[in-house]
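Chain by chain, the residues:
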Amino acid sequence: MRTVIADKRWAEKYPEIGTGPVAAEPLISQEHFELEREKIFRRTWLNIGRVEEIPNPGDYIAKDLTMCRASVLIIRGRDGEVRGFHNVCSHRGNKLVWDEKGTCKGTLTCGFHAWAYNTKGELTWVPDEDNFFDLPKCDLGLTPIHTEVFEGFIFIHLAERPPESLREYLGGVADQLEGGGFGELALAKRYRVDEHANWKIALDAQNELYHLPFQHRRTIPEFCVLKDGQFTRLLDVRLFNHHSVYSSDPPEDRVGPATEKLAARFSVAETESRLPRIGSFDFYTIFPNMALLLFRGVSHDFYMSYNFWPQAVDRTDWDIKIYFRPAENAGQRVGQEYFTCLLRDLLQEDATAHEQIHIGLASRAKKELYFQDEEMQIRYFHTVLDRFYAEA
Amino acid sequence: MSAQKLPAEFADLEPFLDWALATERERTGKRLASSLEDIQAFYDHMSARVEAAMAYLNAFPLDTLPPEAERLFHLSLSLMEVANAVEMFQNPAVINGFDVKRFAPVEDV
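Chains as they are written, first to last, in the numbering used here: chain V, 1489 to 1880; chain A, -2 to 106.
To be clear, the hints were calculated from the coordinates, so they are not data collected in a lab. Treat the hints with care, as some may be off.
What the hints assert, rightly or not - Computed list of lysine to any residue pairs in SDA-like fashion (alpha-carbon distance at most 20 Å, straight line):
| id | chain 1 | residue 1 | chain 2 | residue 2 |
| --- | --- | --- | --- | --- |
| 1 | V | 1809 | A | 96 |
| 2 | A | 98 | V | 1501 |
| 3 | A | 27 | A | 92 |
All values derive from a computational prediction rather than experimental measurement.
Given these sequences and hints, build the entire structure.
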């Protein structure tokens, strides 16, 4: 028997968020997309990757941020420091690094005229330098971008002067996740989903569990199953400045399919990893476009991250990363494969739905959306969006 | 040099060797290109053998599997790939699934 949980707990906890319908227009309009470009993505801390992606001096990642009309270079210096720069050569503005990931022996060289920079972004070499006119070489390093790291997650801020540090920006999320041991886990799988949907439609669709027993009726029918006429309820919802987290526990009597049971046996590991979970599953929305998902796994905790990168008002690059403790043997690796295949197939169901929702909303047949109490965190996300849209 | 493709005690899996694929992209491709009947036959046979396979493979360091053990390892990964097709969808592809070319594994293993 389940404990009967009261309805409408979250509206009671956060009365200031309100309960009325939410406008659909920002999810599909070009006008809001342009507002987001200027007032959100250039004014907030954005997660670019993790420090494990650039473990050694000279390692770098480069990312074109279509939404920000910028290309970003993150490089680990010979001194071990992680720095961010505009990925733009000081000579003629050519993109300096063209691959998404790589390593250099201390020098990055532009492909256009071979201007070269060290790992601190300083201009070190200009071919035929004597034929230039008063070249202020010392001032012609790469343009720096504010770059800070929290628990191994690399964030950048494109403003000249970010209004707050990354730690301040993350606020209560950082309090909860600090010392979380994320670095003990390693990237096991990564998927890039090219979605024909607005980035907020994709994020909103992930930001609740109400849909689980319905949209995922084939994949995880026993999750959030409806029993005795009672809908399952979230364990907790917490709203932070800009961000939110919701938590849940799966049904205790969940059995799972045959191969999942096999996989659980293979996955048994000597070493445990424990992340700072609230429930068995925590979903953080880190404004604007990142989600962090913490799971109680069968052998150890694991986590996922989502980055929803807007490409156009109706196009999103959904970057999905799954992190496990590195497998020590074939059994653990095979067990992990089961869970990554399950997550992938389930997220395929979601990705399809994101596109159908975009088609539906783009028709403008519906002007407003109604959220129930278990969707409070989506309502809050839209409150935060409105706050940024209204900024000067 | 013997032409043995799998460890001797797993010779019964030889008819399924075309499922011994090293990358997720290949395994997904094989799943989508196969009939449910073929997937079911592989699933039934491999499910019954996978625990023995793990016991065998766990004796080796994961990064230095001999070639015939590696094929057994890849067969086991393919079982994980097809499990949902049998247990959840009764269909090779995800029902209401996404175009796999637009849902691509990166750094594919």
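Structure-based check of all given hints:
1. 1809(V) to 96(A): At roughly 19 Å apart (the allowed maximum being 20 Å), residue 96(A) and residue 1809(V) satisfy the hint.
2. 98(A) to 1501(V): It is violated: about 43 Å lies between the C-alpha atoms, which goes past 20 Å.
3. 27(A) to 92(A): holds (17 Å)
In terms of the numbered hints stated before, the structure departs from hint 2 and from no other.
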